[in-house]
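Those protein sequence lines, which keep their order, are chains S and D.
With positions in the first sequence counted from 1, the corresponding number in the working numbering is that position plus 1142.
With positions in the second sequence counted from 1, the corresponding number in the working numbering is that position plus 31.
Just so you know, the hints here were simulated from the structure itself, not pulled from any lab data.
Hints are supplied without guarantee of correctness; some may be wrong.
In silico lysine-lysine, DSSO-like type, Cα no more than 30 angstroms apart, as pairs [said to hold, decoys possible]: (1) D:Lys34 x S:Lys1286; (2) D:Lys89 x S:Lys1297; (3) S:Lys1330 x D:Lys34; (4) S:Lys1213 x D:Lys94; (5) S:Lys1323 x D:Lys94; (6) D:Lys94 x S:Lys1242; (7) S:Lys1226 x D:Lys89; (8) D:Lys35 x S:Lys1286; (9) S:Lys1444 x S:Lys1408; (10) S:Lys1430 x S:Lys1213; (11) D:Lys35 x S:Lys1323; (12) S:Lys1297 x D:Lys117; (13) D:Lys89 x S:Lys1213; (14) D:Lys108 x S:Lys1297; (15) D:Lys117 x S:Lys1286; (16) D:Lys66 x S:Lys1330; (17) S:Lys1252 x S:Lys1454; (18) D:Lys66 x D:Lys108; (19) S:Lys1213 x D:Lys117; (20) D:Lys43 x S:Lys1323; (21) D:Lys108 x S:Lys1286; (22) D:Lys110 x S:Lys1286; (23) S:Lys1226 x D:Lys66; (24) D:Lys94 x S:Lys1245; (25) D:Lys106 x S:Lys1286; (26) D:Lys43 x S:Lys1286; (27) S:Lys1297 x D:Lys118.
Here are a few chain D residues that sit away from chain S, every Cβ distance over 12 angstroms (derived from the structure) [to be verified]: (28) Met32; (29) Glu48; (30) Asp52; (31) Gly53; (32) Thr60; (33) Val68; (34) Glu74; (35) Pro97; (36) Asp114; (37) Asp134; (38) Leu136; (39) Asp137.
Model, not experiment: these values are computed from the prediction.
Glycine residues also receive a C-beta, built at the ideal position from the N, C-alpha and C atoms.
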Amino acid sequence: MESRELVIVGAGPAGMAAALSAYRKGIKDILLLERDQYLGGILNQCIHPGFGLHHFKEDLTGPEYADRFIKEIEGIKGIEVSLKSFVVHLTGNKVLTYLKPGKLAEVKAKALIMATGCRERTREMVHIPGTRPAGIYPAGLAQKMINIEGWLPGKEVVIVGSGDIGLIMARRFTLEGARVKAVVEIQKESRGLIRNVAQCIEDFEIPLYFLHRILRIYGQDRVEKVTVENIETKESFDITCDTVLISVGLIPENDLVEMAGVELDKATNCPRSVEPIPGIFICGNAYKVYDLVDWVTRDSEKAGKMAAEYIKGLK
Amino acid sequence: MIKKLTCIECPKGCQLEVETDGSHVIRVTGNQCEKGVTYAQQEIEDPRRILTSTILTKGLAVKMLPVRTSVPIPKAKLKEAMDEVKKIRLSGPVEAGTVILRDLLDTGADLIATRRAG
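Make the full structure from the sequences, and use the hints.
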């Protein structure tokens, strides 16, 4: 079996920052596994600005923020990048099994950094009744469809939840010529950054309903309409639409560490510490859901340093 | 006249109270840094935004190339700018920062690639 000093799972902002930081601390045998065909993770689909104000003191788009790390990693021999590599198994003594085109590989690591990010909460998790037609997407998936694949998923859109991804997508759909007919938020204020309410919703005069919820989704093959209810007055009204975006939060993706024996917090799916098993570190959105990538970079650099110190302590 | 604005310069999102004479800013309160004052002046006199979008490529490894304007452009021109962006087809390789189109709609802003595409 192949063995490495440090294996990092995920090459988004967290994995890249951790890899560079561990390298700077003297670890020169790093394997960076990424399931996609590019480095950069979710930053590649976050084409809007607002990244890097703290870390780089500049206002960058997601791809630009990623590009700075990608360029640095590509120049370093001690960090081997393996793309299209999907980890399917992890043991508590740090043996990883991963799929890559044409092979199933195993690697044993002295230390391991899990930077696996989040997945989106879905319609099923917020219990919206109704039919199950085409046209209902998690907001981040719609973001990928537009910004990476170049498909516009719909023309008349209702967005459930006012998380940052939903707000950003309200603007993106509008700029692409679709009509965003409502953003419906059950709380009394937005879950997203207030500046996104200003520049994504107010700029385009998109109706934002607080203290409202979707009662039901209608449609046979395709979404046809939704019923929206004011949760205080119980008054309701219909909105015709062909698309419903779900933007109701993220869940840390920690299946692999759970497989390795780590107990996760039931409510949040987060690990209880950065190093739940000696030598296995968790960083980025897999550790906790962050608002800003700048803090992901800062904290993941710490995780990289901790992993480097752990490896040196073994010698 | 008092106008309420949310500063969009950073994620803090300061709630600004802007006193104006209708077209010019007299006084700004609620800001936590100097950027708030500059933002309020710009927003009252000539509101501008960075536009980001994607352009369709041909024969490159990345199907959609993300792009941005090099500087903010007038808010009123966002839609027209989107129409221009949609006309572009890219077939040659670019780096992040490569200029795709100079002086978009006479705004003085260049359209630049934000990602490498080979």
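Do the hints match the structure? See the list:
| no. | hint | verdict |
| --- | --- | --- |
| 1 | D:Lys34 x S:Lys1286 | 37 angstroms, violated |
| 2 | D:Lys89 x S:Lys1297 | 25 angstroms, holds |
| 3 | S:Lys1330 x D:Lys34 | 23 angstroms, holds |
| 4 | S:Lys1213 x D:Lys94 | 21 angstroms, holds |
| 5 | S:Lys1323 x D:Lys94 | 29 angstroms, holds |
| 6 | D:Lys94 x S:Lys1242 | 22 angstroms, holds |
| 7 | S:Lys1226 x D:Lys89 | 23 angstroms, holds |
| 8 | D:Lys35 x S:Lys1286 | 34 angstroms, violated |
| 9 | S:Lys1444 x S:Lys1408 | 26 angstroms, holds |
| 10 | S:Lys1430 x S:Lys1213 | 27 angstroms, holds |
| 11 | D:Lys35 x S:Lys1323 | 25 angstroms, holds |
| 12 | S:Lys1297 x D:Lys117 | 17 angstroms, holds |
| 13 | D:Lys89 x S:Lys1213 | 24 angstroms, holds |
| 14 | D:Lys108 x S:Lys1297 | 22 angstroms, holds |
| 15 | D:Lys117 x S:Lys1286 | 18 angstroms, holds |
| 16 | D:Lys66 x S:Lys1330 | 29 angstroms, holds |
| 17 | S:Lys1252 x S:Lys1454 | 10 angstroms, holds |
| 18 | D:Lys66 x D:Lys108 | 23 angstroms, holds |
| 19 | S:Lys1213 x D:Lys117 | 29 angstroms, holds |
| 20 | D:Lys43 x S:Lys1323 | 27 angstroms, holds |
| 21 | D:Lys108 x S:Lys1286 | 26 angstroms, holds |
| 22 | D:Lys110 x S:Lys1286 | 22 angstroms, holds |
| 23 | S:Lys1226 x D:Lys66 | 43 angstroms, violated |
| 24 | D:Lys94 x S:Lys1245 | 27 angstroms, holds |
| 25 | D:Lys106 x S:Lys1286 | 25 angstroms, holds |
| 26 | D:Lys43 x S:Lys1286 | 27 angstroms, holds |
| 27 | S:Lys1297 x D:Lys118 | 20 angstroms, holds |
| 28 | Met32 | 19 angstroms, holds |
| 29 | Glu48 | 15 angstroms, holds |
| 30 | Asp52 | 23 angstroms, holds |
| 31 | Gly53 | 20 angstroms, holds |
| 32 | Thr60 | 17 angstroms, holds |
| 33 | Val68 | 16 angstroms, holds |
| 34 | Glu74 | 10 angstroms, violated |
| 35 | Pro97 | 4 angstroms, violated |
| 36 | Asp114 | 9 angstroms, violated |
| 37 | Asp134 | 20 angstroms, holds |
| 38 | Leu136 | 15 angstroms, holds |
| 39 | Asp137 | 20 angstroms, holds |
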